[in-house]
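Participant: Take the given structure of chain H and dock chain U to it, following the hints.
Number of protein chains: 2
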Amino acid sequence: MKVAILGFGTVGQGVYEMLQKARDLEPGPVLVRPGKADADYKVTDISAITGAPSVGAVVEVLGGIEPARTWVEQALQAGKHVVTANKALVAQCGPELAAVAREKGVALLFSAACGGGVPFLHNLALSTRSDDILSVGGILNGTTNYMLDAMQSRGADYAEVLKDAQQLGYAEADPTADVSGLDALRKIMLACAVAFEKLPCEGLYNEGIESLTADDVRHFRGMGYTCRLVAKGGPVGDTVFAFVEPTLVPASAAECAVKDNYNLARYEAKCAGDIVLIGQGAGRYPTASAVLRDLSDVIAGQRVMMPQACVRVTADCSGCGHPYYVRLPEAFAGKLPCDKVAVDNGIARVITKALTVKEMHDTAAALRTRGAQVFFAGIEE
Amino acid sequence: MKVAILGFGTVGQGVYEMLQKARDLEPGPVLVRPGKADADYKVTDISAITGAPSVGAVVEVLGGIEPARTWVEQALQAGKHVVTANKALVAQCGPELAAVAREKGVALLFSAACGGGVPFLHNLALSTRSDDILSVGGILNGTTNYMLDAMQSRGADYAEVLKDAQQLGYAEADPTADVSGLDALRKIMLACAVAFEKLPCEGLYNEGIESLTADDVRHFRGMGYTCRLVAKGGPVGDTVFAFVEPTLVPASAAECAVKDNYNLARYEAKCAGDIVLIGQGAGRYPTASAVLRDLSDVIAGQRVMMPQACVRVTADCSGCGHPYYVRLPEAFAGKLPCDKVAVDNGIARVITKALTVKEMHDTAAALRTRGAQVFFAGIEE
Numbered sequence: 001m002k003v004a005i006l007g008f009g010t011v012g013q014g015v016y017e018m019l020q021k022a023r024d025l026e027p028g029p030v031l032v033r034p035g036k037a038d039a040d041y042k043v044t045d046i047s048a049i050t051g052a053p054s055v056g057a058v059v060e061v062l063g064g065i066e067p068a069r070t071w072v073e074q075a076l077q078a079g080k081h082v083v084t085a086n087k088a089l090v091a092q093c094g095p096e097l098a099a100v101a102r103e104k105g106v107a108l109l110f111s112a113a114c115g116g117g118v119p120f121l122h123n124l125a126l127s128t129r130s131d132d133i134l135s136v137g138g139i140l141n142g143t144t145n146y147m148l149d150a151m152q153s154r155g156a157d158y159a160e161v162l163k164d165a166q167q168l169g170y171a172e173a174d175p176t177a178d179v180s181g182l183d184a185l186r187k188i189m190l191a192c193a194v195a196f197e198k199l200p201c202e203g204l205y206n207e208g209i210e211s212l213t214a215d216d217v218r219h220f221r222g223m224g225y226t227c228r229l230v231a232k233g234g235p236v237g238d239t240v241f242a243f244v245e246p247t248l249v250p251a252s253a254a255e256c257a258v259k260d261n262y263n264l265a266r267y268e269a270k271c272a273g274d275i276v277l278i279g280q281g282a283g284r285y286p287t288a289s290a291v292l293r294d295l296s297d298v299i300a301g302q303r304v305m306m307p308q309a310c311v312r313v314t315a316d317c318s319g320c321g322h323p324y325y326v327r328l329p330e331a332f333a334g335k336l337p338c339d340k341v342a343v344d345n346g347i348a349r350v351i352t353k354a355l356t357v358k359e360m361h362d363t364a365a366a367l368r369t370r371g372a373q374v375f376f377a378g379i380e381e
Numbered sequence: 001m002k003v004a005i006l007g008f009g010t011v012g013q014g015v016y017e018m019l020q021k022a023r024d025l026e027p028g029p030v031l032v033r034p035g036k037a038d039a040d041y042k043v044t045d046i047s048a049i050t051g052a053p054s055v056g057a058v059v060e061v062l063g064g065i066e067p068a069r070t071w072v073e074q075a076l077q078a079g080k081h082v083v084t085a086n087k088a089l090v091a092q093c094g095p096e097l098a099a100v101a102r103e104k105g106v107a108l109l110f111s112a113a114c115g116g117g118v119p120f121l122h123n124l125a126l127s128t129r130s131d132d133i134l135s136v137g138g139i140l141n142g143t144t145n146y147m148l149d150a151m152q153s154r155g156a157d158y159a160e161v162l163k164d165a166q167q168l169g170y171a172e173a174d175p176t177a178d179v180s181g182l183d184a185l186r187k188i189m190l191a192c193a194v195a196f197e198k199l200p201c202e203g204l205y206n207e208g209i210e211s212l213t214a215d216d217v218r219h220f221r222g223m224g225y226t227c228r229l230v231a232k233g234g235p236v237g238d239t240v241f242a243f244v245e246p247t248l249v250p251a252s253a254a255e256c257a258v259k260d261n262y263n264l265a266r267y268e269a270k271c272a273g274d275i276v277l278i279g280q281g282a283g284r285y286p287t288a289s290a291v292l293r294d295l296s297d298v299i300a301g302q303r304v305m306m307p308q309a310c311v312r313v314t315a316d317c318s319g320c321g322h323p324y325y326v327r328l329p330e331a332f333a334g335k336l337p338c339d340k341v342a343v344d345n346g347i348a349r350v351i352t353k354a355l356t357v358k359e360m361h362d363t364a365a366a367l368r369t370r371g372a373q374v375f376f377a378g379i380e381e
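These protein sequence lines are chains H and U, in that order. Note that our numbering gives residue 301 to position 301 of the first sequence, counting from 1, and the numbers run on in steps of one. Note that our numbering gives residue 212 to position 212 of the second sequence, counting from 1, and the numbers run on in steps of one.
Okay, chain H solo, but in the shape it has when bound (with noise of 0.2 angstroms):
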C-alpha cells in the first residue's frame, strides 16, 4: 500500500524512513508548504495525494487543528485510509471524521495521538470487542515525567528542569501545554471515548506540575512517595470522570519505574484485569513506529479505533475522589478538611480527607483568585 504524508516535520520524516522498510507499505508523496517541495517525492497541493490512485492511505501529522481537519476529510472522502498522530485534532473532531471514515469504508485510526509508542489505544480498541473496560489513565505526558523525574532523582527545582527539557527537545519553547496538563487531558480524553464510547469535552480538570517546588519534591521523598503527571478516566452513570494532576504513588507502583521522559499507560478490564503499558510517548522513531503499526493494522484489516456510538459528553469529576497534598499559605489552611497539616514559615503541607477531585480542584481555583499560592496533588492509596 501506497502511503502518502502530510506534514514533513520530526515525525514525519520519521515515518517516511520507516516506509521504505515496512512490509506491504512503501512512502508515497509528501506534502510540504508551498516553495519547500525540493524532491521529486513532495508535493504543494492536497489533490496531488487525494486526486491520486495510487495512494491507499494518508499519514497526517501537521498538528493542530486547521488545515488538518480540512485535509484529513478530504483523504477520507477520496477513499484513502488515515492514520493520524493529531490528539487536538482526533479530541475535537473524531466522532463526525470517524463518520466520513464509516460511510466510505476506510479506517481511521489514531494511536499515536494518545503515548506516542507505547501501543495503548490499539490494544484498548481490541480490548473493548470482548471485555468492559473499567478504567483508563497512566503518565502520558513525557515532558512532564522527565522533569518530575529530575527533579525527584537529583532534586533540582523546576526552573533547572524545565530549561534543560527544552535543551533536549523534550520540552517545547512554550511548554504551557505539556506542564499545565492539557497535553495529558487530551490524551485521555481519546482514552475515554475509545473505552467508553464517550467523548468528554466539558467539565474536565487539569492541574499541571508548574507550581511545584524542590521542597515539596523533598517532602514526598521524606513521605515515601514519588511524585508523577496522572491522567484518569472512568464510567460513571452516563457519563465518564476525566482529569490530570500530580499524583504522589508509593514506591511499589509501576509508576515509580518510569523513567526519563518515558509513558505509562492502563487499562482496567472486567476480565483481562490490570493492563500496564510502558514505552517512549513521543520523539521521531517512536511516534512513527505507532503510525506505522496503525497502518499494518489497516492492511490487516482493521478499520476502527473511535467507537460508532462515541458521543460527546460533560464529564463528571464530583463522584471520584481520594486524599491530596496540598502546599499553601497557612492562612487558607482552613479551608480544607485536614487529616494532618504542618506548618513552616507561614507555608502549610496539609494532607486532606478524602475530597472529590471537583471539590479540590474547584477549592484550589478558588484560593489562587484570592492570590494563594497552591500546589496540590492527589494521593494514590
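Just so you know, these hints were derived from the structure itself, not from any lab. Wrong hints could be hidden among the right ones.
Because identical chains cannot be distinguished in the list, a pair is counted as satisfied if it fits within a single copy or across any two copies.
Unchecked claim - List time: in silico SDA-like cross-link candidates among lysine to any residue, alpha-carbon distance up to 20 angstroms:
no.	residue 1	residue 2
1	K270	E26
2	K163	S211
3	K21	I299
4	K2	I46
5	K104	A68
6	K270	E17
7	K259	G224
8	K259	A156
9	K21	D132
10	K259	L168
11	K21	K270
12	K2	R23
These numbers were taken from a predicted model, which means no experiment stands behind them.
Facilitator: Chain U in isolation, oriented as in the chain H frame:
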C-alpha cells in the same frame, strides 16, 4: 462468527462465558470427553466441529500435544480459524500448523500461550511488520513470581510459599514445569519465533528457583536487589540466544513492580524503543481475554502470528553474559571467576565476573553432578 471450543476446563469455560457477550462472536459447540456431554452444546466427536459449516473458528484449550495437534490440524484443514492457548503445542508443532493455516487461508493465533492476559505476542507480531525487534524477555511465569514476591516481601521459605501457591491454585500438584523455568522457556521460544523468525529447539538453558532459600533472599535484599525469574531472547548471527534464570534486578526496574502472580513482558524495537507490558499471566478470565482478543483480531482480518519464514534453530547462549550471584559450598568457590566472595559456615556467596550464560549454567550442572548444592542468579546491570 461462531466459535467452537476444544476443552472445557478453567480457560475453556471462561472463553465460553466471554463469547456470550463479545461483539461479532458467539459460542458454538464445545468438545468434551466421552460421557461428559451433559448439555446440548457439548459434543464428544471432533467431526461435529470440523464438519459444521456454521463454525468459523476453533479455540483449543486442551493443553498437551495429542490429541490437540491432530484436532487443530483437522480444524485448519476444514477451513476453520484456530486460536490456541497451548504453548507446548505451538513450541513443538507451530511451523507445520502455521503452514497448514497459510495453505488454507485461515488464521492461527496463539497470544494466550505466552503471557496469558498480557498482550505480548499480538503487539510483538504487529511491531515486526515495520520495525526490527532487538530483544524479547520478561517475567513469563506467574506461579514463580508469586512465590518470589512472597519470599521477598514476607521472608518466607521456599516450601512454605510453594504450599501457599498450591492452595491458591497458582501452582499445580506437580509444580516442576513452573519452578524449573521450563514453562517460561517455552514461552520465550514462542516469542523468539514471532520476533526473529527462529524457533529455538536446542541449546536452550533454563534455571529455576527450586534451590532458592530464605537466606539467599535476605542477601539480595541487603544488596538492594529483588529476585525475579526472567526469560530473555535475542538474535545472534544466524540463530538466537534464549534462556531463563533467576535474575537480580535493581529497585528502579519495572520488574520490581510486578507483584503477586502477574507477568511482565518486554521487547526492544529499533524504532519504537523499549516496550514493557504488565498484566495477569494466567487464570480463567485473563487467559480467556487473550483468546477473545485474538478472535476479534481474526474478525478484523489478522491471520499470521508465526512468521512464514520461521525455521527451527539451535540456540547459542555462548555470546551473552553478565555477572552472577552464586551460592555454593566453599570448597567449590574456586571454580568460579570471583569478583567478591563471602563465606559463612562453609557456604560461599560469590559475585562472579561477567560469565556467559552457557558458562554459568554448564558450570552449575557440573558442580551438581559432584553433589554440590548450588543456587545462582544473573545480576541485571
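Participant: Take the hints in turn and mark each one as holding or not.
Facilitator: A quick look at each hint next to the structure:
In the homo-oligomer, the alpha carbons of K270 and E26 lie at most 20 angstroms apart only across protomers (19 angstroms), although the nearest pairing inside one protomer, at 39 angstroms, exceeds that limit. Taking the shortest Cα distances, K163 and S211 sit within 20 angstroms of each other inside one copy (15 angstroms), while across copies they are farther apart (51 angstroms). Only within a single protomer do K21 and I299 lie at most 20 angstroms apart by alpha-carbon distance; the minimum there is 15 angstroms, versus 27 angstroms between protomers. Within a single copy, K2 and I46 get their C-alpha atoms as close as 16 angstroms, which meets the 20 angstroms cut-off; across copies the closest is 44 angstroms, which misses it.
In this assembly of identical chains, K104 and A68 lie within 20 angstroms of each other by CA distance solely inside one copy; the values are 19 angstroms within and 42 angstroms between copies. Proximity of K270 and E17 under a CA criterion of 20 angstroms is satisfied inter-copy only: 13 angstroms between copies versus 39 angstroms inside one chain copy. Taking the shortest alpha-carbon separations for K259 and G224, both the intra-copy value of 17 angstroms and the inter-copy value of 19 angstroms come in at or below 20 angstroms. Within a single copy, K259 and A156 get their C-alpha atoms as close as 15 angstroms, which meets the 20 angstroms cut-off; across copies the closest is 31 angstroms, which misses it.
With identical chains, the CA atoms of K21 and D132 are at most 20 angstroms apart between copies only, with a shortest distance of 10 angstroms across copies and 37 angstroms within one. Taking the shortest Cα distances, K259 and L168 sit within 20 angstroms of each other inside one copy (15 angstroms), while across copies they are farther apart (34 angstroms). Proximity of K21 to K270 under the C-alpha cut-off of 20 angstroms is restricted to the inter-copy arrangement: shortest distance 12 angstroms between copies versus 38 angstroms within a copy. Only within a single protomer do K2 and R23 lie at most 20 angstroms apart by alpha-carbon distance; the minimum there is 11 angstroms, versus 31 angstroms between protomers.
The structure meets every hint from the earlier list without exception.
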